[in-house]
Amino acid sequence: DGGITQSPKYLFRKEGQNVTLSCEQNLNHDAMYWYRQDPGQGLRLIYYSQIVNDFQKGDIAEGYSVSREKKESFPLTVTSAQKNPTAFYLCASSTPTDGSYEQYFGPGTRLTVT
Amino acid sequence: GQNIDQPTEMTATEGAIVQINCTYQTSGFNGLFWYQQHAGEAPTFLSYNVLDGLEEKGRFSSFLRRSKGYSYLLLKELQMKDSASYLCAVPFSGGYQKVTFGIGTKLQVIP
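Protein sequences, first through last, are from chains A and B.
When you number the first sequence by this note's numbering, it's gap-free, plus one each residue, and the end is 229.
When you number the second sequence by this note's numbering, it's gap-free, plus one each residue, and the end is 112.
Since the hints were derived computationally from the structure, they do not count as laboratory data.
Accuracy of the hints is not assured; some may be wrong.
Quick partial rundown of chain B residues pointing at chain A, CB under 7 Å, derived from the structure [to be verified]: (1) Ala13; (2) Phe64; (3) Gly103.
Listed next, the in silico DSBU-like pairs over lysine-lysine satisfying Cα-Cα at most 30 Å (straight line) [what the hints assert, rightly or not]: (4) Lys107/B with Lys82/B; (5) Lys198/A with Lys107/B; (6) Lys124/A with Lys82/B; (7) Lys198/A with Lys129/A; (8) Lys172/A with Lys107/B; (9) Lys172/A with Lys185/A; (10) Lys124/A with Lys107/B.
These stretches of chain A come out as covered by chain B in the derived footprint (C-beta under 8 Å, 3 or more residues) [as the list claims (entries may be wrong)]: (11) 150 to 157; (12) 160 to 171; (13) 190 to 200.
No residue lacks a Cβ here, since even glycine has one placed at the ideal position from N, Cα and C.
The following block holds chain A by itself, in its conformation from the complex (with noise of 0.2 Å):
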């Protein structure tokens, strides 16, 4: 079956570490996404990539790394520099499909950072 996995499910981190959490799909689509989501607010983008080895930084990239070296990966690091890492954090990937670019989500990951 395709689809877009994330791992782990929920993550516990100190503050002052980097935390990377990983996404693959095997999809083929060439577009990924990473959202943040928090409580009472909507998905917030923070890197997107539309082919391999090119990412462009979303509407909150302060804090947040990414690299895109595979077409079916898409890791995404917390570094020590993001202020309120602590979210439920989304992948995505996408691909045209009659004219939509329909975005498909893995199951996320919940960062706990105390």
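Here the structure of chain A is known, so what remains is to put chain B in place on it, guided by the hints.
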């Protein structure tokens, strides 16, 4: 820029019909998405409208009126499992694959 407005919460009764509205402002229109998101889970695709009118898909229908910057999601024969957040989303104009999401409308279905 892009701006999306939708109510934050709604309550409806099992078996009833509910309409969730979404208004948007965008410099160029490339369609409108509706997603469903259960608490703690990932959003799942419900519909995509690019032309004016109503598109029906089972118990769910989505309506678009581009000239008004307006869409709604209609849920019929409500079931308890329909309790979820419903996200309205609009693709960026020119940035063909970026999408702006609304805050989401949290729907509670009561017996």
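Would you list, in rising numerical order, the hints stated earlier that this structure does not obey? Numbers 1, 2 and 13 - these are the hints that the structure violates, sorted from lowest upward.
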